[in-house]
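Protein chains in written order, with the working numbering: chain G, 52 to 816; chain U, 13 to 260.
Hints are all accurate, no fakes.
Quick list of the computed label-pair ranges, beta carbon to beta carbon: (1) U:Ser-257 - G:Gly-349: 54 to 60 Å; (2) U:Glu-35 - G:Lys-686: 25 to 31 Å; (3) G:Leu-775 - U:Arg-21: 53 to 59 Å; (4) U:Gly-61 - G:Ser-660: 28 to 34 Å.
Worth flagging that the hints you see were computed from the coordinates, not collected in a lab. Note that beta-carbon positions come from the ideal geometry of N, C-alpha and C, so glycine has one too.
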Amino acid sequence: MKKVTYSLNYRKPKNQYSSNDELVVCLRYYHSIGNGKYKVTKKSTGIKCKLVDWDSDWHKSVNRHPIKSSDPDYLEKNRLLKNLSVELHADAKNIKISNSVLNSKTPEGKLDLKWTSHKNNVRLVSPANKRNIDIIVVGTGLAGGSASATLAEQGYNVKAFCFQDSSRRAHSIAAQGGINAAKNYQGDGDSVYRLFYDTIKGGDYRSREANVYRLAEVSTSIIDQCVAQGVPFAREYGGLLDNRSFGGVLVSRTFYAKGQTGQQLLLGAYSAMNRQIARGKIKMYSRHEMMEIVIVDGKARGIITRNLITGEIESHSAHAVVLASGGYGNLFYLSTNAMGSNVSAAWKVHRKGAFFANPSFTQIHPTCIPVSGDYQSKLTLMSESLRNDGRIWVPKNLDDAKKVRNNSLKPTQIPEEDRDYYLERRYPAFGNLVPRDVASRAAKERCDSGYGVNKTGEAVFLDFSSSIIRYGKEKVLVKGLDVDDINLVKSLGEGVIRAKYGNLFQMYEKIVDQNPYKTPMMIYPAVHYTMGGLWVDYNLMTTIPGCYAIGEANFSDHGANRLGASALMQGLADGYFVLPNTINDFLADDIKTGPINNDSPEFVKAKKSVENTIDKLMKINGTKTVDYFHKKLGKIIWNNCGMSRNSVDLKSAIKKIQKLKKQFYTDLLIPGDQFSFNEPLAKALRVADFMELGELFALDALKRNESCGGHFREEYQTKEGEALRNDDEYAFVSAWEYDKIIENSTLHKEKLTFNNVELKNRSYK
Amino acid sequence: MKLFLKIWRQKNPESEGKIISYEIDGITEDMSFLEMMDVLNEKIMHNGGDPVAFDHDCREGICGSCSMFINGQPHGPDRGVTTCQLHMRKFKDGDTIYIEPFRSRAFPIIKDLVVDRTAFDRIQQAGGYISINTSGNTLDANTIPIEKESADKAFDAATCIGCGACVATCKNSSAMLFVSAKVSQFALLPQGKVEATDRVLNMVKQMDLEGFGNCTNTGACHVECPKGISLDYIAKLNTEYAKASLKK
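Put together the whole structure using the sequences plus the hints.
Here you go:
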C-alpha cells in the first residue's frame, strides 16, 4: 500500500456520536516495514465533515472523494483534501521507517536511583586487565580531555587526538559565562531535582529524563573535582565560592571564573591529562585529524588519521573509540565556534552506521557582536552572564530607530520612556534572563519589524547604565560618600562591572571600537551550539558497538534548547564521571583480546578509502576556493534553516545544497599537494562533510512539524508568536540512519516518555 | 586601504626561508588582522600560489593559537590583544607591514608563520598539575575557604593562554613568564602547596632542557603579553625556586 487514505478523527467510541456531529478529517500514509506490517504517518487536515456527509466507501468510488454532495462545500473540501493527500504522499514516500527499535538502555527503577543502581550493575575491568586495553579519544576539549585523563588514571592506555597544535586549545577554552551545579550554596532553594527540571523544561521536553537527571546528579562532583585540581573559581570575601544566575532559571547556581570559565576548566582537564602524559598513560597526538573509523567484526577498533604537518595517513588501533569532537555550528560558516571546529569525525562515524540525532536542533545565542561585513570570518559571543546586569532594548518609535541607524541620534539621548525593554515587557517573570531561544526570536522579531539599531538593522541594545548606577550607589553608601555625585556613582559602578565582566567589555571594545561602559553594546543572535549530535544510549554508546560519543558531539541532554552554563557541565560530567563508569561494561569482553592489529584488511581498506577521498578532491583542479563554498553553504542554512523555518524554505534549501554540492565536486580549487601542511585541503575535507550534514539538517527540520526550543517552524506557533509543540506526534528523538542519497536517509524514532515531569507549555511570562 | 606586506615564507622546517613582498588593496578598518590575511590568501590562491600558513582557531583571543610577529612585536602594535583581535584600524593606508613567525630556538618553524610550541606542553607535563585523581570523591568545594585576594591573583596567573609572545619578544627567548604563571597559580592556592617544591624544580628543569634562555628582567614579556600577566609572578617563581632549592 503506497497511497494516502482518509479517515475521521473519532475522539470517543463511534456509537456515542450523532449523525450531525462534525469530525476532523485525517490523512494516513502506510509505510511498509516488512512481514506485511505497516507503520502509519498520520496528519490532521483541519477540514471538518458531518458524519452524515461522510462516505466511508470513498476508496471504492472512481474519483475517491470522501465527502458526499450533501455537504454544501463538498467540492471545495474534496479538492483541498486531494491536494493535501498529494502533498503528504510526496513527503512521506521518501521516509523509510525501519522496524528497528532504538534501545536507550535506560535502567529501570526510580529516577533518582537509576544512575546509582546502573553503576552497581555494570561490569568492571580489573586494574591488571585495564593495562592491556587501549582506548582512542578524539578531541581534547572538556569532554575529551576529562575522559582521557580519567580513563588513563584508571589504568587504560589512552591515545588522544586533536587537530590543534596543543590539546589546551580545544574550543571549550572559549566558553565564557560559567558552569551549573546543584550545590545550593546560595540557599535559594536549588536542588538536583530543580536543576533536572529546569534542564528538561529548558530543552522543551525533547530530551531523555534519565540522562538529564544523571547530569544534574553528578554536577556537584564536578565543582569539587575542579576546585581540587586548582581551578580558580570566583570567590566571595569570606573565601567561599561565588555564584551567579543564567537564563531560564530562578536560582543562582552558576560557578564562574570571570568571563573565562571554559578556559579555566579546560586548563584543569589539560593539567589532569598532562599528569597522565608524564606517566606514559596517555599518548598525545596533536595536529592530527580523524579521517575515518575502522570497524572490525562489528566493533569500533580504530581510526585513520591525517597528520596535518606531514600529510601522512596513519592507522591507529584500540579496543574502543570515544568521539569528543564537539559540535557542528560551523555548518553556518559564521558562528561563535572556532575556525577549525567541524563535524567530520562525527560524520565519518555516521556514514559507517551510527545514527545522527536531531541534527536541526541548533542554538542561536542572543548576545553576539553583530555581523559587520562580507569578509567576516567568525562571530564573537558576549556571555549570557551579561544579561544578569544588562538590559536589552530597542527604541519604541520607528523614527528613533531610523535615526539611530543613520547615526543622527545616540542611544544615550533616547529618554527612558521611549525605550522598549521588550523582554521585560513580554516576559515579566524572567525578564532579560529568558532562555536563549526565546531571547533570540524576540530580537529577530523586533529587528524584522524595523526597530534594529545598527547600519544593517540587525542589532539591539544591551545596556548596562542602570546596573552601573545601581552598583555605584551601593558602593558610595558602603564607603559613606556623596550619593548625589553622579560622576562618582558612575565611576564606582563601572568598577564593579569591570571586575565582573572586564575581559568581555575589552573584547567588545577591541572589535567594535566603542566603549560599552559609556554607550550600550549592540548585539544580535548568532549560531553558538548544536544540541543535536550522534545518537547515544544511556551508556553514551552510539549505534556502533564500542564507539562512544560524549560532550557536544552527542545529542543526549539538552533536548531542543540548551540552558546557559550547561555545556561545560555536560562535557565534564560525561568525561569525568559518566563514560569512565559505562565504558567498562563494554571493555569487560576485551580482557583477553590482546592488542588490536592496525594492519588488518579492515584498516588497509579504510586507509585506502581515505587516500581516495583526498585524491578525488585534489584532482578537481577547479576555480573556487573552499571558503567560497563554505560561505555559500552557510548562507543557505542561515537564511532557510535559521531562527525560524518553514516547509517551503526548507525544501528549497535541500535543492540548493544539492546543487552546491555538485559544484563543489567539479569546481573546487585546492593549492599545493596532500603530502605537506595544507590548510585549504584540511578545510575542504571538513566542508565536504558539512555539505552532507546540511542536507540532513534541513530534512530533519522539515520532518519535524512542530515548534520546540530552538526549532521554530512558522507554521506552528501560538497567537502570541510562541513555539507550539505537538507532544502527541513529536515527543521523540529523530535518529537518522545514513544513506548516500541524503534525502533517502532512514528516520528512526526514539519515543520519549516522561514519568517524572508534566509536559507543560513552556512559559517564561 | 592599500598595504605593502613583507611576509616570511618558509616551505618546511628544513628549507631556508625569506621575506616575500605582497601588495593588497581594499582592506577596511573593521577587518581583523587575520581577516586581512584571509583576503590575501584568497588572492594568492586565485593566482595559483600557495597561501601563507598561519596558526589560528578561536579568533577571539583565548585559544592562543595565533602567533604573528608584526612589525617587530608579537601580536602587533595594539596592547592586550592577540593577533586575531588586532584590527586594521591600527594601521594606515599605504603602511608597510612586516609579518614573521614567533622566533625562538625552542619554537622550530613548521611552515611560513606556523611554529612548533610543543615545548610549552612538555613544561606543563613536567609538573603543571595537582596530583589528585579525577574520581569526584574529593572534599566538598567549600571545605577550604580561600582568601579572595589569593584566589584572584591565582586566577590572573591562570589566564595565560600559552601563545608564546613572551618568548618571541624576549631577547633571551626566555619562557619565565609562562612558567611563572603556572607555578604561581598553584603556589597561591592551598591545593597546590602540597607539591610546590617538586613542581617548580621540575618545570624549571624542563624549561632549561627545551632551550629557553634566562631572564634578565627587561620586562618585555609583560608588555607584549596579550593577557597582561604581571612580572610579579616571575618574582614569585624565583622565590618558589629558591625555597625549593634550599629544601632539596
